[in-house]
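From just these sequences and the hints, can you work out the full model?
Residue numbers (my numbering): 1439 to 1563.
No wet-lab data here; the hints were simulated from the structure. Just so you know, these numbers come straight off a predicted model, no measurement behind them. Quick reminder that beta carbons are idealized off the backbone N, C-alpha and C, glycines included. Don't take each hint at face value.
Between beta-carbon pairs, the in silico distance windows are [stated by the list, open to error]: (1) 1480 <-> 1518: 17 to 25 Å; (2) 1464 <-> 1442: 26 to 34 Å; (3) 1493 <-> 1473: 19 to 27 Å; (4) 1496 <-> 1472: 16 to 24 Å; (5) 1499 <-> 1463: 14 to 22 Å; (6) 1518 <-> 1495: 17 to 25 Å; (7) 1442 <-> 1480: 25 to 33 Å.
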Amino acid sequence: MYEAEIMTVASGAAGTLVAAGVTGGAQALRARVVALFRRGTVQEQDAAVAAAESASGRTETERIEALAALIAAHLVAHPDARPDIEAAAADSNAVIYHQHNTGSGVFVGRDHLGDLTINHGGSTQ
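Below is the structure:
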């Protein structure tokens, strides 16, 4: 795999993971990063989580860039991780919104009790 291709895949996966941290919280982020870096050491997993976390004080773009570099290095060291990383990158354009309405009032499609998930450009979950 060429360096540009590695960085494209790594950047897509990094974007997905950082977005998971925004929408799903720190636990969801840690779980996804650890799963993606399962072939690496605990130190590599911890470094990847730290790079992606919002608590690092970096902007979202900076977190994506830092995590992409770690993912690219992981992919070079563990070429068998490629399917997992590509799968994470494939959902990089998915934007998921969750809506929960209760009570009375005018909601999407009239009154709605329960959850509504709108998934633009991504796979159904």
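Does the Cβ-Cβ separation between residue 1442 and residue 1480 fall within 25 to 33 Å? holds (30 Å)
Taking the CB of residue 1518 and the CB of residue 1495, does the distance hold inside 17 to 25 Å? violated (34 Å)
Looking only at beta-carbon atoms, does the pair residue 1480, residue 1518 fall within the given range of 17 to 25 Å? Holds - the Cβ-Cβ distance for residue 1480 and residue 1518, about 19 Å, lies within 17 to 25 Å.
Using the Cβ atoms, figure out if residue 1493 sits within 19 to 27 Å of residue 1473. Given about 20 Å between the Cβ atoms, the range holds.
Verify the CB-CB distance for residue 1464 and residue 1442 against the hinted window 26 to 34 Å. Taking Cβ atoms as reference, residue 1464 and residue 1442 lie about 32 Å apart, which means the hint holds.
Quick one: are residue 1499 and residue 1463 within 14 to 22 Å, going by C-beta? Cβ of residue 1499 to Cβ of residue 1463: about 20 Å, so the range 14 to 22 Å holds.
Between the beta carbons of residue 1496 and residue 1472, is the distance compatible with 16 to 24 Å? This hint holds: roughly 20 Å between Cβ atoms.
Hint check: a violation occurs at hint 6 only; the rest are consistent with the structure.
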